[in-house]
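Q: Produce the complete structure using the sequences and hints provided.
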Amino acid sequence: MLSEFLDNKIFPKDIEEARNQSMNQLAASTCSDPALFKVLHRYDQKENQILIEHIKGNEVFQTHDGRAFRVLHKRRAR
Numbered sequence: 001m002l003s004e005f006l007d008n009k010i011f012p013k014d015i016e017e018a019r020n021q022s023m024n025q026l027a028a029s030t031c032s033d034p035a036l037f038k039v040l041h042r043y044d045q046k047e048n049q050i051l052i053e054h055i056k057g058n059e060v061f062q063t064h065d066g067r068a069f070r071v072l073h074k075r076r077a078r
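The letter at position 15 of the sequence shown is residue 15 when you use the working numbering, and the numbering goes up by one with no holes.
Since the hints were made in silico from the structure, they are not lab data. Mixed in with the good hints, there may be bad ones.
Here are the simulated PhoX-like pairs of lysine-lysine, each with C-alpha atoms no more than 25 Å apart in a straight line [said to hold, decoys possible]:
id, residue 1, residue 2
1, 56, 46
2, 38, 74
3, 46, 13
4, 13, 38
A: Following this line, the structure appears as C-alpha cells:
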C-alpha cells in the first residue's frame, strides 16, 4: 500500500534512493536509518539547527528549550 503512494515519483531523486535502500533494510523508524534521516533533514532544515555529528568534541551546544550540553565523545553510528 505504501509503495503505491511512493512510486508516484513525487520525491527528489536523493530521497527516492535513500527510501529504496531503507525499505530493503526495514528498521523500526526513520531516525534509526541514518542515511535516510540525513537526506530528509536536507529538506527540513530550520534556522540555527544542526545535527550533533557536526558539533566538535568538547563543544557546548544548547537545545531549543535552553538546556546546555557538552559533547564529550561521539559513539559511532550503526
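Q: Run every hint past the structure and note whether it holds.
A: A quick look at each hint next to the structure:
Straight-line distance between C-alpha atoms of residue 56 and residue 46 comes to about 20 Å, which keeps the hinted pair within the 25 Å bound. Of the supplied pair hints, the one linking residue 38 and residue 74 holds, its CA atoms being roughly 17 Å apart against a limit of 25 Å. At most 25 Å may separate the alpha-carbon atoms for a hinted pair to count; residue 46 and residue 13 meet this at roughly 22 Å. This hinted pair checks out: residue 13 and residue 38 have alpha carbons roughly 14 Å apart, not beyond 25 Å.
Checked against the numbered hints listed earlier, the structure breaks none of them; every hint is satisfied.
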